[in-house]
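Working from the sequences, and respecting the hints, build out all of it.
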Amino acid sequence: MKNQLSALIDGEFDIAEAEHIITAMKVNGEMKEAWKQYHLIGDAMRGNLHGSRDLSAKIMQALEAEPTVLAVNKQAKVVVAEIKKREIKTPMFWSVAASFAAVMFVGLMVFEMQLGESEDMTPVELASSVPIEYLQAHQSIAPSSAAYYIQAASFTDSGQ
Amino acid sequence: MLQTKELEKLTRATFLEAVPSSYINASQKTDVRMGVTAKNGSFAEVANKLSDMPVNSNRELDRVLVERAQAGDKKAFGLLVEKYHRKLGRLVGRMVRDQAEVEDVVQEAFIKAYRALHNFRGDSAFYTWLYRIGINTAKNYLVSLGRKPQVLNDVEIEDAENFDGVTDMRTMETPETAMANKQIAQTVNDTINNLPEELRTAITLRELEGMSYEEIAEIMQCPIGTVRSRIFRARETIAAKLRPMLSSAENKRW
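In the order they appear, the protein sequences are chains A and B. So for the first sequence, my numbering puts the first residue at 1; every next one is plus one. So for the second sequence, my numbering puts the first residue at 1; every next one is plus one.
By construction, these hints were calculated from the structure, which means they are not laboratory data. A hint or two may mislead.
To be verified - Some but not every residue of chain B turned toward chain A, in silico, with C-beta under 8 Å:
no., residue
1, LYS83
2, GLN99
3, ALA185
4, GLU236
5, ILE238
6, LEU242
To be verified - Covered stretches of chain B (in silico footprint by chain A; criterion: 3 or more residues with CB under 8 Å from a CB of chain A, positions within the stretch not fixed):
no., stretch
7, 61 to 73
8, 86 to 94
9, 113 to 119
10, 197 to 211
Don't be surprised by glycine CBs; every beta carbon is placed ideally from N, CA and C.
Dropping the structure here:
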């Protein structure tokens, strides 16, 4: 995880994925020391070393006496909105959107098929103008299950 | 007594000279970001110009830490203290001469910043906001002592905000503090000089030039993942050398 911390310090790690690193720095002594050491190295390279090394510890000791800040402000809400906006641009969002679209497409297809089937069940007067003799002559070669339906709308068992 | 400028000579100049000439041509071609080319100059000359530019301070990470602190997470603010206390001390050192006074002002500035954290809206960078609190705290401190504060003009403040533009550091350190800092600088310096060339170049371009991994990858002609690994390995190697010094000095005033 230290290599991720190193990249995070340099702004080269996705901040949205950095929750575990920030949490680790607060509970894991080794990670917290790495944070200190990496910044110390950078400051040393830039010639920024001066003063006593325990200054940060003294500052934190003084801050312990301070009442804890609790300030959920508008800015935080704006930031949340920005994060949501960023999430829209992420591959995760698009994969969810694609899945939803696929489900909608399949659902629409099934719905249309059902609609088609129900339309098939309605009686249609296909052969009203066809002579009854013609239909009777062809019943012998029609599938047995379909033979009943292939008849003139005006046909009755009595032959009328 | 060791002055800060001597420490700078120990570090920055040495590291820049350590960048191999094999990267000079690549850097001349690719330094469009900085708006600088080195048609006739050496890499070190170009690097010296570039070193006055701000190092990426990772504002986004600062913003996340500030939000956590605003939500009651003091440890998140502690990470910001660890990151900025030396830089703020360096800025305050331009106005307040005595090292002990500088540290008192820096501590007070951080406490003021923490108390005012609910007012921070993120319109500017956290360090800009923090530095202005530091400057005002130093001015008030000098006025309270009946001293006339040295007023920094906007250009100087801007330089200070850029971390590395500050060269007029006049604070007098105690001999112990100066010696301890010199030892750390020397250890960092020696370790970097002994690093494999690719690690030394990667960490130097990152820390001194503030280049992104993409830019370093372009200069070193390697994948970004390799740059990331080289910088991490360089840091870990240096940190391993520093740890015995830092742990032996734990709870001890430098």
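Check the structure against each numbered hint from earlier and tell me which ones fail, lowest number first. none
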